[in-house]
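Q: From first to last, the protein sequence lines stand for chains A and B.
Using my numbering, read the first sequence as starting at 7 and increasing by one per residue.
Using my numbering, read the second sequence as starting at 5 and increasing by one per residue.
It should be emphasised that the hints constitute simulated quantities derived from the structure, not laboratory data.
It cannot be assumed that every hint is accurate.
Said to hold, decoys possible - Derived list of chain A stretches under chain B, where covered just means 3 residues or more per stretch with a C-beta under 8 angstroms from a C-beta of chain B: (1) 29 to 43; (2) 56 to 62; (3) 120 to 134.
Positions of the beta carbon are idealized from the N, C-alpha and C atoms, including for glycine.
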Amino acid sequence: MVNDNKSDTLIQKYTVCANDFASAGAASASVKKTLKQLGFSPDFIRRTSIAMYEGEINMVIHGGGGIAEAEIAENYVKITLTDEGPGIADIDLAMREGFSTASESVRELGFGAGMGLPNIKKQADEINLSSEVGVGTTLVISLFSGA
Amino acid sequence: MKLDQVMKVVNAKVYTNVPFGDIEINAACGADLMSDALAFGENKGLLLTGLNNPQSIRTAEMMDISCVMLVRGKEPDESLVNLANEKEIVVMKTDYSMYTACGLLYKAGLPGGDLT
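Construct the entire structure; sequences and hints are all you get.
A: Below, the structure written as structure tokens:
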């Protein structure tokens with residue numbers, strides 16, 4: 007983890023490794039701990055944690071790993087997940103509940119229900135998903151603590 | 005329902021050293037796929053699962069779930085127990101199947117949680 011403190015925001019950066027299911031979720035757990043220390047409400051912490059964890063798992067499974075960055079301010083958290091993986095060919099389809107391209111071996115590990123992106127959308131206040139096939143994917147998840 | 009009552013209802017064995025006598029469980033969910041579990045709305049709940057790897061604990065951690073119950077007699081991996089102890093999440097196993105374990109707990113008064 008790398009901390010980068012601006013005047014009124016805290017930036018935490020993590021490297022997420024591809025196919026490393028033993029440590030998958032460690033970045034989300036670390037951000038959750040920080041949010042607790044900063045005194046955010048339990049509901050806000052829970053929503054943020056679930057959204058980031060789902061995104062982190064997607065990077066592990068589909069994105070070939072990448073960078074997870076959490077920008078934490080007094081009244082919002084913005085999580086940016088960037089990978090250089092294969093990209094998403096059809097974003098509308100990827101957002102549909104139950105749609106998954108995960109392999110059988112990934113399903114045996116408990117993932118690939120096709121609920122990741124829909125769960126993120128439910129928990130977040132805003133999401134912005136941009137992707138280019140063969141280049142990579144960036145997912146920005148924003149949550150506002152007063153929302 | 006207190007967690008020690010949950011343990012009695014499904015004749016469970018405990019693997020963690022996390023104190024649990026006073027932990028109150030509001031609701032339970034059963035899922036083998038973690039995204040299904042993450043759609044579960046209750047915190048301070050119980051997750052019944054057949055998923056015997058550390059991601060069941062990570063999922064519980066994100067959701068503020070107090071206890072993970074492995075079904076069908078699965079002995080938890082050491083890595084799972086270690087992570088659970090670190091995160092103060094209770095791990096139990098029951099020999100009952102998912103269906104039967106959920107049914108027994110529901111019959112004993114533990115409700116299912118709402119989806120978010």
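Q: Taking the hints in turn, state whether each one holds.
A: So, going through the hints one by one against the coordinates:
no. : hint       : result
1   : 29 to 43   : holds (count 5)
2   : 56 to 62   : holds (count 3)
3   : 120 to 134 : holds (count 6)
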